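Model the full structure from these sequences, guided by the hints.
Number of protein chains: 2
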Amino acid sequence: MLQPFDDNYFMKKAFQQAEMAYEKAEIPVGAIITHGNQIIAQAHNLTEQLTDVTAHAEMQAITAAANYIGGKYLHDCTLYVTLEPCQMCAGALYWSQISKIVFAAEDAKRGYRSMQAKLHPKTKVEFGIMEEEAAQLIKDFFLEKRKF
Amino acid sequence: MLQPFDDNYFMKKAFQQAEMAYEKAEIPVGAIITHGNQIIAQAHNLTEQLTDVTAHAEMQAITAAANYIGGKYLHDCTLYVTLEPCQMCAGALYWSQISKIVFAAEDAKRGYRSMQAKLHPKTKVEFGIMEEEAAQLIKDFFLEKRKF
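The listed protein sequences derive, respectively, from chains A and B.
Counting from 1, position 75 in the first sequence corresponds to residue 75 in full-length UniProt numbering; the numbering is continuous, with no gaps.
Counting from 1, position 47 in the second sequence corresponds to residue 47 in full-length UniProt numbering; the numbering is continuous, with no gaps.
Hints are computed from structural coordinates only; laboratory data are not their basis.
What you were told as hints is all true, and nothing was included just to trick you.
Simulated crosslink set (DMTMM-like; lysine to aspartate or glutamate; CA at most 20 Å straight-line): (1) A:K12 with A:E106; (2) A:K72 with B:E48; (3) A:K13 with A:E106; (4) B:K12 with B:E131; (5) B:K24 with B:E48; (6) B:K72 with A:E48; (7) A:K118 with B:E106; (8) B:K13 with B:E132; (9) A:K24 with A:E48; (10) A:K124 with A:D6; (11) B:K118 with A:D107; (12) A:K12 with A:E131; (13) B:K124 with B:D7; (14) B:K124 with B:D6; (15) B:K118 with A:E106; (16) A:K118 with B:D107; (17) B:K139 with B:E106; (18) A:K24 with A:E144.
Partial pick of chain B residues on the chain A-facing surface, computed with a CB cut under 10 Å: (19) T47; (20) T51; (21) N67; (22) G71; (23) K72; (24) L74; (25) L93.
Please read these numbers as outputs of a predicted model, since none were measured by experiment.
By construction, the Cβ of each residue, glycine as well, lies at the ideal position given by its N, Cα and C atoms.
See the structure below:
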């Protein structure tokens, strides 16, 4: 049976955002936030273009989703992001009390888990969907960057 | 001898920002960022007005300072903030590689130290300047809030 609005579907949408970051010479990370089966925010990393370390995909998506909802808290919302969030984004997600986070590739060095950052106790986490594709996109980015 | 541009001077400026937050019914936290003896960014908490958990004083100040400098990194810059940064703000400060952080009041519950968030190894930290005034302002805010 077809399940068009499943985790794979939404992670593909986040991956498309990551590809948009890649095209702009940004570290390719993309994020979307859903509420029910509706995408209420989508964003990609813009730290270089905006010369702003806070412009991670997740941060922009949190701001956009809260704006859409008209409230600070992202209850009943899910974040799909192509890379494990850093401690800044984990901190923002903590304050948002988001219901669920799904990330693709792990970030062993700067991910929130190795940095020991805390998520909200209400937040469920899943990972590994499209892990290889998301990790490969980032590897390709840095390989290409080294050529110049 | 007069030392007009010392830590006390700049923390008073951050405190004035916190008072502006108080007047807007925001949790009263203020921040400024200096480069040399120049204030290059000032901001106060706007999470309620913007319905955005990411709108902490520090986050806005980081964005504004990077915009002023024209680069992502806040080398040779100091953040003065009236409350110990949370893990989100610590994470943003980590990415910014800011040279120094001075905070007034400690946040035993949600401060970056108790949350085990990491600052950049290059970042020096001082705290305790105007600690009582900054803590009292926050206490006053919550006491007043409970009345309504």
